[in-house]
Structures are given as C-alpha cells and as structure tokens.
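Numbering (my numbering), first residue to last: 756 to 1167.
By construction, these hints were calculated from the structure, which means they are not laboratory data.
Be a bit skeptical, because a hint or two may be false.
[Claimed, not checked] When the alpha-carbon atoms are kept at most 35 Å apart in a straight line, the in silico DSBU-like pairs for lysine-lysine are as follows: (1) Lys986 to Lys919; (2) Lys1074 to Lys1028; (3) Lys1028 to Lys1001; (4) Lys834 to Lys817; (5) Lys794 to Lys866; (6) Lys1074 to Lys1057; (7) Lys794 to Lys862; (8) Lys809 to Lys937; (9) Lys1028 to Lys1131.
Since the model is a prediction, treat every value here as computed from it, not as a measurement.
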Amino acid sequence: MGSPVKITVCGSNPTSQLIAGLASSRPNMEVTVFATESKAADNWKTALKAKDAKMVINFPRKDGSMFPENGRPGTITDKAGDFVAESDVIILSSPPNHFQDYLKAMKKYIKKRTVIIGVPGRSGFEYQCRTSLEELGEQCTIVNLETCPWVCEQVKFGSQIDVKVTVASIVTSTLFGTSPPKRGPLSILQLILGGDCALQNSLNFMSVLLSPFVYLECCLLFGRWSEWDEKPLESELGLFEDVSEKTAEMISKCSNECSKIIQAIKTGKPELKINDYKGIEEWFAGFKDSIGDSSSLLTTLKTCKIWGDIKHPMKKDRKKSEYTPDLEERISEYLSYGLIVIRGVAEILQQETPVIDKLITWCQTKSKKNYMKDGKVLTDKNIQNTSCPQKFKFSTLNEILFVKALPTDIEL
756 MGSPVKITVC GSNPTSQLIA GLASSRPNME VTVFATESKA ADNWKTALKA KDAKMVINFP
816 RKDGSMFPEN GRPGTITDKA GDFVAESDVI ILSSPPNHFQ DYLKAMKKYI KKRTVIIGVP
876 GRSGFEYQCR TSLEELGEQC TIVNLETCPW VCEQVKFGSQ IDVKVTVASI VTSTLFGTSP
936 PKRGPLSILQ LILGGDCALQ NSLNFMSVLL SPFVYLECCL LFGRWSEWDE KPLESELGLF
996 EDVSEKTAEM ISKCSNECSK IIQAIKTGKP ELKINDYKGI EEWFAGFKDS IGDSSSLLTT
1056 LKTCKIWGDI KHPMKKDRKK SEYTPDLEER ISEYLSYGLI VIRGVAEILQ QETPVIDKLI
1116 TWCQTKSKKN YMKDGKVLTD KNIQNTSCPQ KFKFSTLNEI LFVKALPTDI EL
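Let the sequences and hints guide you as you build the complete structure.
Laid out in structure tokens, this is it:
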C-alpha cells in the first residue's frame, strides 16, 4: 500500500470537522487537526475522549435515510509543530480571514513540495499563500476550490456532521511550485471527497479567482434586500426564490465584466492557457442535472438546486416568529475574499467594472467595510483583511499571474 498520506486540516468550523472526519475514514491517510483556538481543540479532544469514539459524517440517501462515514483524526492540537513538516497535504478549511494566521503559525515548519489546499480558498488564495510563505511559497503546490463541496450542519461539535447537499461539480485550480509535489494533489483530494463531487481542474488559477460563484450570491442578496422595506418576513426565504429579471441581468453583466478581464489577460499574455474560463451560463450548464429549466438565465436561477433548498442568511425573532436578513458576515466574506479581489485585478488591467463596482458599494454599507473609494481600490490599512492584489503591492500583469519578468540586461 505504501507510506500513508499525511494530512493536516486547519480549522474547527463544520467544514474542517467534515474534512477531518472524511479524510481519517479513508485508507492509508493519517490526519492531524490544527485548530489555533485552544478551546476548540480541547472541546474536539473531549468529544473523542473515549477510546472507541469516532466522528460520524452522515450523507443523505435518495430515500431520505442517512449513510454514515466514520473517522477519527490521529491528533488534535492548537500548536503548530513537527507534524506540519511531515505533512504531504495541508488543507485550509477555516474561514478565509483566518488563513494568514494559520500560514504564519506553520511557516517555519512547512517543507518544499508540500501541497496547500483551500477548501474553499476563495479569490486571491494563491496571493495569500505565496506572499505569506515568501520563497518557500514558490516551492509548494497551491490548490484552490471555487466553493465548498457541501452544505452541512454541525449536530455535535467534534463528533457529528450531517451533510445536506453535496455539490456535484467544482472547478479547481492548481498552481504548481518549483518543487513538484510528492503525490498527486487532486487525486488525494478526490479520494477524500468521494465520488459524488467531481473536481474539474482549470488551466489557470484565474478561472477560480473570477468564478461566477464569487458574484452570484452577492447579486442574489442585492436583488432581494437592496430595496427591502424592513418589514419582517413570516418564514425563511429561499436564496433562489422570487429572483427577478433585474437580478438575472445584474448577474449576466457581472459575468460579462469578468469575461472582459479574462480577455485582457489573454491580450497581455497570449501564450497563457486560460481558454477554459466559463461565464455564468456556461458555468450553470455544468450543473444541468440540478437545473429544472435552463431555457434562460432567469429560469435557470429560479429552478436552481445546486445547493438544495439553501436559504438567505436570516435571523429569527423567537418571540414573534419573524425573520429578518442577517447579511453582515456573509457579505463581508464575499466582499473581502471575492469581489474586491476581482476589482483589484480589473484595476491593474485598466478594465472598467461598473456593475461590480455597484455591488461592492452596496456590500460595503452592509458589511461596514471600506475597500474602495472614488472608483479606486484603497491601498492603506483598510485592505489588510482582504486578499486583493493591492494588499500585496502587486501592480502589473506579471505580478498578479506570478510570472517573473526577465532581467532588463539579459540578451535573448
């Protein structure tokens, strides 16, 4: 069977728990959980304190019953150590605003040829990894997923996660380092995920950075709540429920703006392989089994079941049994590690994005963040909690693509 694949899972949120449970259930995999919050690590250890205790990951069957997968991480810790140096794969599955803390904590232990995977890494994940790890980052392989493979619920911390929906197909990107990985990164990740979620590797990481997933939900939230009359609702609202023609048009325009960014990259680097980038309609076509009516973008949105019956983020007034939108946390993540990254790339390429700008302006008011002003991405301390290229002092096409220019004095 060969030596085991050694995996470090970073995070203690439901996604991290799910990945740790699944990976440890697979043959020939050794899993260490690294959770920087000591309380979370202690609670997880307590949940698995009994010698025969296992994590249970429940997957739904078509008949409504649940199929359990059982695993148990070998080690759970809140301190980085030699286990990082021994890792073939490091999976960052915490919220993206914690990525930099994990990378900083592990930096002195990570070895070249390590595979670092963001599940999901969000837009700009490659920028965070490469700059945080400096020269070492160039010797590691970085894999990014455009979205999380599951919609899941934490039933009991550290011991039970129930999966509601598995996303059928996910676009990934692989940025290889100068030192090749010891093991195939996507084959390892696919083995962890199982056969219900197919990974489709793109030709360039820009396909994930500019993925329709980045702007899709923000447009849906904008369409429903930007003109909300502030009257509470009697029940939760489905994310794709009552989508308007106006919202569909906004999504289409965001897609067009991202496609123009791709075209600008092609113009600047015609040798770059990036022809597999998908705009919104082509992207949705990859989920045809989850779409009831694909005759138009509007009907596609109205009949979309990619994430099951996913709801708008809402909070409930228990006394009145009323619901109001709870947008700040969700929008903050999509803005900081999505929209503003796209906007930063567009600015470097001198591409106008008026619809994305409108979306960012609204998201800033709802998230109480300020990353763009007077049509320009800010370059001060405001953007430190983002992964936009301006944070890392990138200002050229070569820099945002990690292409090293030849020295000016070299003779060709």
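Each hint, compared with the structure:
| no. | hint | verdict |
| --- | --- | --- |
| 1 | Lys986 to Lys919 | holds, 30 Å |
| 2 | Lys1074 to Lys1028 | violated, 56 Å |
| 3 | Lys1028 to Lys1001 | holds, 34 Å |
| 4 | Lys834 to Lys817 | violated, 41 Å |
| 5 | Lys794 to Lys866 | holds, 28 Å |
| 6 | Lys1074 to Lys1057 | holds, 32 Å |
| 7 | Lys794 to Lys862 | holds, 23 Å |
| 8 | Lys809 to Lys937 | holds, 29 Å |
| 9 | Lys1028 to Lys1131 | holds, 29 Å |
The structure fails hints 2 and 4 (numbered hints given earlier, in ascending order).
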